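Engineer: Chain residues, written in single-letter form:
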Amino acid sequence: MILALLALVTDKRLALVTDHWWDIRDLSNLTDAVYDILRDDLNVPDWGIWVLSGLLGTIGIISFIGGVAIINIWVERRVVGRMQSRLGPNRLGPFGLLQPVADAIKLMQKEVLQPKVADGLVFTLAPIAFTVPGIALFAVIPWGRNMVLADLDVGIVYLFAMSSLAALAVFIGGYGSNNKYALFGSMRVIAMLVTYEIPIVLSLLGVVLFAGTMNLQGIVLFSEEHWVLMVMLQPLAFLIYFLSSSAELNRTPADLAEAESEIAGGYHVEYSGMKFGLYYAAELINAVAVSAIIATVFLGGWWMYKVDEIVPGWMILIGKIYAVYFIFVWTRGTLPRFRIDQLLAFAWKWMTPMAIINILVVATEVMIWEETGWSAAVILPASIVINGALTGLLIVGWVRTMAPNFQRFPDRLRMYSTIDVPSLPAQAADLRETTA
Amino acid sequence: MIEDNAIVIAFWSLSATTIVCALMVAAVRNLVHSVLFLALTFVGVAGIYIVLSADFVAVVQVLIYAGAVGVLMTFAIMLTPGADRLNASTVFQAPAFVLGVMVFLLIAWVAYDTEWRISDREAFTTTAASLGEAFLKPYIVPFEVASVLLATAMIGAIILSRAERDDRA
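Top line first, the protein sequences correspond to chains C and F. Taking the working numbering, the leading residue of the first sequence gets 1, the next gets one more, and so forth. Taking the working numbering, the leading residue of the second sequence gets 1, the next gets one more, and so forth.
Hints were generated in silico from the structure; no laboratory data involved. In this text the structure is predicted, and so the values were computed from the model without any measurement. Using N, Cα and C, we set each Cβ at its ideal position, and we do this for glycine too. Keep in mind that a hint or two might mislead.
Counterexamples of contact, computed for chain F against chain C with all Cβ distances above 12 Å [stated by the list, open to error]:
hint, residue
1, S15
2, V20
3, M78
4, A94
5, V98
6, F104
7, I107
8, T114
9, A134
10, I155
11, R162
Using 20 Å as the maximum straight-line C-alpha spacing, the simulated SDA-like pairs for lysine to any residue come out as follows [as the list claims (entries may be wrong)]:
hint, chain 1, residue 1, chain 2, residue 2
12, F, K137, C, G212
13, F, K137, C, L209
14, C, K349, C, I395
Here chain C stands alone, though its shape is the one from the complex:
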């Protein structure tokens, strides 16, 4: 094969390939060259090329996901450790890099326990059904100008569909465990997923309105054409999407589903061994998938102001994914956990109205753009200014008018205001003195 490729370098047919095969800025050049050889020299029929290209893309994506799921365990623990003033794993290998390997071996060696009263089929199926949608999300992410596995016109709706499948998987995991804490956890997941689905859809709708397409590649190409990142046009949508998806991912500001101190680990309390490992990996994969969606939709994907002509687009995308992922780890390392009613109220009372206002504004702007036919050089900067100002106004206005007053020195014990906690009179007086 290598010899055949080398022989082709001198072949004149290569000039017909849009770009040279050694140009790894777009890996599709390489695969295109391979397909050309297969088609012309080896007479492989078209369906063979289709199957091969599907296989190659899938293997590429799955190996990326596998590598990331292993490395991110280390990344996350090290970064969170640094943020919390501790070291994190640093014993195995250089900088503790072999820690994930050790974790994986430990998980594989563990006995896979299954409760006697568990629903066997459902119990086994749940971790798999939870992992598959997370991997499937990557199918529509464009990695370069021609590097996209499934160039769906309905890419954004596909993302919603896949993430809604995860809800059912978590639920059957909690139900199949036949454990009340697992069921609590999965009910919380369902409540959160159902609630946060709405702001997520509404915030991405704003992006879709601007780009005029639901194709993720189309959104990246819109950024390239107009020389603008979506996050500038849609700061409010970006904020809403980021907060909502961190709730959907079940990560620490919103990890109510597995709140160890409340419900003992939530929906995977009964899982052990590699079944638990699958849940753990799926959560990491979902986090990376959501980072990839944010990087693609809001941060321009593989395109980056001329940088993508030098650096390969897929490397730019990986860099952006990790930039977003770092913010996820940051929030996880610094913020305390919400209460379930606070989290749901936040979605219904703040995010959903804000997302609707955002859509109204965006629709007006797009309408003006279409009806007047002004050039993008006028409309887009104006939109950036208006939407940025609007975002600031809405957030500040909401905090000023709707939020409860911030008390630097609370005049009562905030956690025990409604519950009548019997306590020793002297102790209560002491507490009141120290807090006042």
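Model the placement of chain F on the given structure of chain C, informed by the hints.
Structural biologist: Okay, now just chain F, sitting in the frame of chain C:
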């Protein structure tokens, strides 16, 4: 595009999966298993939509039926006593079976007897855009009426579920 053979294989395997899962929905005793088979049925139907190159409808099928309706059903089942053993244990088993076979025969006969017209038109390249155009231009009134209906249902549900708490508020 892929050759016809691939489409035929995809169609028959998807149909077989869908039909087997649909039968299992009624056959299994455990209602939760039944809902899982129902979700699989929806996914199979979505696959058939993809074979028909209706990608938007397929994705929405997964989003709404497999995702939302499946979760809704599980919620309903959580409130059902004896959900893990009592599916399909009813006195109407035999009449329902007869009725089902009759409906199947009727549909099969209609499908066999109808002279299907085969269109020469190419498949739509962008179904979502055409659907959007159709909804917001020629069919705007039915679309709006449907959304008003849904909003009414939602408000009604909120009022019904909050009515008991009025004295407390």
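Engineer: It remains to establish, for every hint, whether it holds in the given structure.
Structural biologist: Here is how each hint holds up against the structure:
1. S15: 21 Å, holds
2. V20: 15 Å, holds
3. M78: Check fails; 8 Å does not lie beyond 12 Å.
4. A94: The claim holds: A94(F) sits with its nearest Cβ about 29 Å from chain C, beyond 12 Å.
5. V98: 31 Å, holds
6. F104: 28 Å, holds
7. I107: 28 Å, holds
8. T114: 31 Å, holds
9. A134: 15 Å, holds
10. I155: Holds, because the least Cβ-Cβ distance between I155(F) and chain C comes to about 15 Å, which exceeds 12 Å.
11. R162: Label holds. Min Cβ-Cβ 14 Å, cutoff 12 Å.
12. K137(F) <-> G212(C): 17 Å, holds
13. K137(F) <-> L209(C): 17 Å, holds
14. K349(C) <-> I395(C): 13 Å, holds
The structure shown violates just one earlier hint, number 3.
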